[in-house]
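Q: Residue numbers (the working numbering), protein chains in the order written: chain E, 1 to 385; chain X, 1001 to 1471.
Derived by calculation from the structure, the hints in this document are not laboratory data.
Using N, Cα and C, we set each Cβ at its ideal position, and we do this for glycine too.
Be a bit skeptical, because a hint or two may be false.
Claimed, not checked - Simulated restraints on C-beta separations:
(1) X:Lys1403 - E:Asp93: 44 to 52 Å
(2) E:Ala144 - X:Leu1099: 23 to 31 Å
(3) X:Phe1097 - E:Thr191: 40 to 48 Å
(4) E:Pro312 - X:Leu1106: 38 to 46 Å
Residues per chain are reported as follows:
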Amino acid sequence: MDMRRSEVTPEDQARYLRRGDYARVTAADRPGVAQPVPLREVPAQPWGRILLGACVLFALLLGGWEWYWRAWGATPDYYNSNAEWAQQRRRIDNGEGNATVFIGSSRVLFDLQLDVWQALDGERPIQLALQGTTPLLTMENLAADPKFTGRLLVGVAPDLFFSGFAYRGAALKYYLKETPSQRVGNWLSRTLIEPWFAFFDEDFALAKVLKRQDWPARPDAPDRLDVRKLSVSASDRNTHLWDKVVTDVQYRDLARSIWTQHLNGPPPPDMDTAEKAAKVIDRQIQRAVDATAKLRARGVQVLFVRPPDAGPYLAFDNRVFPRARTWDVLLAKTGAPGIHFEDYPELRGFDPPEWSHLKLADARQFTAALHAIIVRDFWKPDPPK
Amino acid sequence: MVFNSLTFVAFFALVLVVHNLPLRWSVRKFNLLIASYLFYAAWNPPFVILLWVSTVVDWYAAQGLVKAKREPARHAWMLLSVIANLGMLGYFKYGQFLLDNFATLLHAVGVAYQPAPHDIVLPVGISFYTFATLAYTLDVYLRRAEPAENFLDYALFVTFFPHLVAGPIMRPTELVPQFEQPRRANADQLRFGLALMTLGLFNKVVLADGFLAPVAEKIYDAHALPGALDAWAATLAFSGQIFCDFAGYSTTAIGAAMCLGFAMPDNFRFPYAAVGFSDFWRRWHITLSAWLRDYLYIPLGGNRHGERRTMAALMTTMLLGGLWHGASWTFVVWGGLHGVYLAVERFLRRRFAGYQPGTLALVALGLLTYALVNITWVFFRAKTFGMAWTVLGGMFGANAAAKPILSTFYLLSVAVIVGGLVLAHWFMRARTLESVIARAHPAAISAVWAVLAFAIVAAQGSGAAFIYFQF
């Protein structure tokens, strides 16, 4: 068969179809021959009207979906995606290696306000904290990167830092392997979708919305609620606690109940005995020691910060990760300085609505107070050149 | 780039505009070639070189085959193509696997050997385009086809972006002739092509990624011991996930090609309504199974040299077919199980040659086929044999100490989606999608199209890669 003259005749089609239960002939029905050009018919339908109708209905459905989430209190904001994290991380590769960098978990992400810091410091830090994630992954990555020579503020949320838990661990892998296509996709998303649509939020994805409906519980099956939307992000990951958590009592209580199930849940399998837990904690501290040594060897100033929490969350942290066994050992072994909120009157007394994160006004105040302490006691301003 | 990404939406819109500009056909083909290279380079630009190597080697091998006067020379040109393509595939895809097994073998005979890590990134879709280019030289070698006259047509056949990275695995005779004459989709082809793309993306983004993948992950990527219900639910979920993922990709690819005025073959014919395994393989990943049949099973002797030789050819084909899917023994077992199923079916068909099942028996045999296919999926999905045995143990009641894992929502998702999928396959068993759409009311088509498109947007897919990209 010549490649230029191969096609299926209607007779071939009919002959093959008689062979079995198949409505269309494929290569499966023609063994050992050159396969001809496939036939692909378009069903006889008024496709112009169909497309128009589909577009109108699609617009109505999407408009209704957007209206629903806005009515519920959501506003358009930027996706806290791996792509955005990678974009901020790349700033260090692209000439901002001497910047101040924040790493940590959600408390550093929500509680440190970049615009306040910039107003006081003259420099806008790079925000690399990841919610639900130990900062040690990022710290180790920065320690291995000679381009980073700036200042590093490491947030310590005890249950994440000393357990090594990494809910967003994929962000670092994404940064290391990001493809050109993904970079373009992120740019398109941040230009055409994220600033305009409130429904575009991880928490409002269709499967998640359906999953959290009030389905009958399966006896004895774990029925844990996923963490809900807690924050709002600007274009460079400057993030704060969502107002709904502060103003909507029901939603705040929901957020607290989700923390409660976390606090009352079983320990992870690698920490379910005191000996295993001690090993995990020691391993995380050793990781911090190694990374700190590498960073300080090339002049990076490392500062650990323990942001505030309250209520049952603080009680849990103190019970499972007591300061003397974790924070104090961390500072002693790394030799790096640290700021624990309990040690500074100006960092105490905040009232996190869901026990873990500060509301925006408090976050701004906390940022200013923390900056003042850091400048006063730790990071002296650069001498004039 | 992946079809389920904003980058692809922008890329495809641009390609459609450029393809419909009033330019010479050769220029428009050249544009498609450049677009296809961009599509591939968007993952990892240096890997375009591999694509070029594969393209150029097979172009010259086919030319050499035609010019060769003697059989040994023809053999040599064919072998050059096979060695170049399979060598590339072997190095990138199976290098680490071969090294690990070599080290294990040496350990077994008491030699301590620790190979250096291979650390090679697998080029996306290499298994697909090496098979497409191999088909080109093998068709010429087997005298089934003449080589293409025009390098541009041939290069575009290899690279054409709708099929490049995950099929359908095109034969040169299916696509090269389509590049001979100017092609542009008419308005209805464009609209129906867009409808097919919507359907394909719905399968991938909403059903596979949104609802079914998390259920399979809860069991297959965790350490808890699953009971019978959880193990079956996760395996059924994976059966739905892999179908929706891969058939979704194929449907999107067919739709994208149609929007540009080209026809691509079916890759699936509602496989979960298959009765028996020969039927299953004529419905599942058709372009791969037909490729393996035409270029491996038949050259190995097929069914022309007695029962023993037929069985050997069958098992070899299925074991290598399993290995094609991934460098792991679990894939080999998956292929081997299908080989055993086919062999048993062959025996039974001869033993009960005159048997014609009634409707009930047909459905029962179909459900048995589906259940047995699900057992093979355990080895396909599990990353280790340990996990495969754990899940299989659960499925057959061996995990007495197991506690419930999946919530009601997950169980319902599987029941509704996979149950619906199997029913739909039975309804569509001897139909085509086009024939059903042709009989539907236009308003119903509009409504379904809009709902699918809305569900894709509302699902907010993460741009997760299609499962078959890794193969």
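Q: A range of 44 to 52 Å was offered for this pair. Does it hold for the Cβ distance of lysine 1403 (chain X) and aspartate 93 (chain E)?
A: 47 Å, holds
Q: Quick one: are phenylalanine 1097 (chain X) and threonine 191 (chain E) within 40 to 48 Å, going by C-beta?
A: 42 Å, holds
Q: Starting from the range 38 to 46 Å, see whether the pair proline 312 (chain E) and leucine 1106 (chain X) falls in it by beta-carbon distance.
A: The hint (38 to 46 Å, Cβ to Cβ) is violated, given that proline 312 (chain E) and leucine 1106 (chain X) are roughly 57 Å apart.
Q: Can you let me know if the beta-carbon spacing of alanine 144 (chain E) and leucine 1099 (chain X) is within 23 to 31 Å?
A: Because 27 Å falls inside the window, the suggested range holds.
When the structure is compared with the earlier hints, a violation turns up for hint 4 alone.
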